[in-house]
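What follows is each chain in one-letter form.
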Amino acid sequence: MSHILTAFPLQASYFIATLLLILGLKRMSSPRTARNGILWAGVGMLIAVAVTFVYIPGVSELIIPGNSGQRLVLIFFAVAVGAVPAWWTGRRVPLTEMPQMVAIYNGLGGGAAGAIAAVEMYSGRAYSGSLAFPIIAVIGALFGATAFGGSVVAFLKLQSWMGSPRIPGRHFINGILSLAALALTLASIHPDWVSGLNLSVDVLISIFLVVSLILGIFVTLPIGGADMPVVISTYNACIGLAVGFEGFVVQNPAMIIAGTIVGAAGSLLTVLMARAMNRSFLNVWFSGFGDVAATAAAGGEARTMNAMEVRDAAATMAYSENVIVVPGYGLAVAQAQHKLWELVQMLQAKGVKVKFAVHPVAGRMPGHMSVLLAEAGVPYDLIYDLEEINSDFANADVALVIGANDVVNPAARSDKSSPIYGMPILNADQARQVLVIKRGKGVGFSGIENELFFGPNTHMVFGDAQGVITQMIQALKEV
Amino acid sequence: MTGFVALYIFLIAAIAGYEIVARVPVILHTPLMSGSNFVHGIVLVGAMLALAEARGPLEVFVGFVGVVMATGNAVGGYVSTERMLEMFHSKKEKA
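Going line by line, the protein sequences match chains Z and Y. FYI, the numbering for the first sequence is 482 to 960, going by the numbering used here. FYI, the numbering for the second sequence is 19 to 113, going by the numbering used here.
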């Protein structure tokens, strides 16, 4: 690495940038300070990128004398090419679709880490020092490229552009791919070991990256959509580590520290998320959730649900004391959060105490529903966690379940054969009355029947959440 | 940077990362994941340096792709996190 990169102003700027990134991340982990945490981190990032731009001509000058200006323009162009679509999609995409966008932005970072490793290895710089450099470069590239391939699949699944195909002999295929990736990893660390194959380093490294990418795709393919948060979070941690590793290769402390911190924080976050969903990490990665669910849904005899008119449902709530709202993804898909908040405010005006019970995995990702409610203007002090509110259901007159299914399914408590058995659920069934707004009689995201809907104290209000809530508001005006 | 200094940095950074998220409430899981995704967007700095040092068409091409992807990571990560966190306000703050 060129001596110019050890200049004091550059290193000092990286130091401040790293500090801001860490403090920003720290602030983002508490609701009170979260909002400006991203701003701190953003400023840190701007400093790091800006100061790098200043020093780049000096770096390029050593490589391509006389042409460094051209290279600077090229880099600027690349930044613009990456920034414009990311900015545009990030601004335009509705918040309901944020999880898949996080998956794709995340994956891009992994691809970038792989690209850095590739350039360093193509050029031979990664091989010029001790063996530690190629080892770290190659492992970082493996993590980055695999996570990139997997993130693209996660994106496609959450976007519903791809299901969970059951690939025959997938364990065999994944085994072969893993072995191939491992062999290529070793070969890439020290290409002389495979000099008998007459492969150029360029070709070897390229094959290695492509195989890693395919491995990521295949490992992720069979995992069900409901488990995607854990998958994305795992990749986030992997990519953090990859960035840290490549930071070591290009001797950039900001990358080492920021990357490693994300690697560690991301790993813990993955565990916390898996715990919130009552899924073990290994279970998510190595068992096909979708398979079990499909078979479980097939059984069961026909039973009847009690239907209720919208007006009656509205009146029931208007004359209760305590109402707990359980919002689910169906609410968000119907874009009914704003209407719901209007309804809740009307109930509050009538003296009804209303709380929101948000299951950790309501929506498509832990915390997703809170974001969607907040978007509608629901203050977060009305939003309660599973542990905070579960004991309150027994005292609630009405539990209003909107577009939620699996998170209130009592089978999770009682039915050992159910794929969601053991998942902590919201005890909506313990409320005196349960009102369920649901579009049809279909099953939930995990594909299983919900006992709650057939309960004696449950009434179904069939219809689109947006329409039903609008009618409820109308009915309340007349009460 | 010698191997062991790097190892110590890894160690301390890993512990710091663990501590940062040790007590994060569930409602912040998604925004925090998105936020940490933005933080590893620092990979952009490395990608820029790699492209600055690239020789020959293959290296330049891969370096270029790397910068494009890293920028997508950083910019997309920032915008999505910012939009999610924007939503967090309490009753008192509402004007």
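Treat the hints with caution; some may be incorrect.
Per the computed footprint, the stretches of chain Y lying under chain Z, defined by three or more beta-carbons under 8 Å from a beta-carbon of chain Z, are [as the list claims (entries may be wrong)]:
1) 51 to 58
2) 75 to 84
Part of the chain Z face toward chain Y, derived, beta carbon under 8 Å [said to hold, decoys possible]:
3) 518
4) 526
5) 717
6) 740
7) 793
8) 856
Quick caveat, the hints were computed from the structure, so don't treat them as lab data. If you're wondering where the values come from, they're calculated on a predicted model, not measured in any experiment. Every residue gets a Cβ at the ideal spot worked out from N, C-alpha and C, and that includes glycine.
Here is what the structure says about each hint:
Figure legend: the segment 51 to 58 of chain Y, annotated as covered by chain Z; annotation consistent (8 residues with Cβ-Cβ distances under 8 Å, at least 3 required). Under a criterion of three residues with beta carbons nearer than 8 Å to beta carbons of chain Z, the stated coverage of the segment 75 to 84 of chain Y is upheld, 8 such residues being counted. A least Cβ separation of about 7 Å between residue 518 (chain Z) and chain Y falls short of the 8 Å threshold, and the interface hint therefore holds. Restraint check, residue 526 (chain Z) versus chain Y: the minimum CB separation of about 6 Å is within 8 Å; hint holds.
The beta carbon of residue 717 (chain Z) is positioned within 8 Å of a beta carbon in chain Y (closest approach about 5 Å), and the interface hint is therefore held. The closest approach between the C-beta of residue 740 (chain Z) and any C-beta of chain Y is roughly 6 Å, which is under the 8 Å cut-off, so the hint is satisfied. Checking residue 793 (chain Z) against chain Y by beta carbon gives a least distance of about 31 Å; that is not within 8 Å, so the hint is violated. A cut of 8 Å between beta carbons decides the hint on residue 856 (chain Z): the least distance to chain Y is about 5 Å, and the hint holds.
Hint 7 from the earlier list is the only one contradicted by this structure; the remaining hints agree with it.
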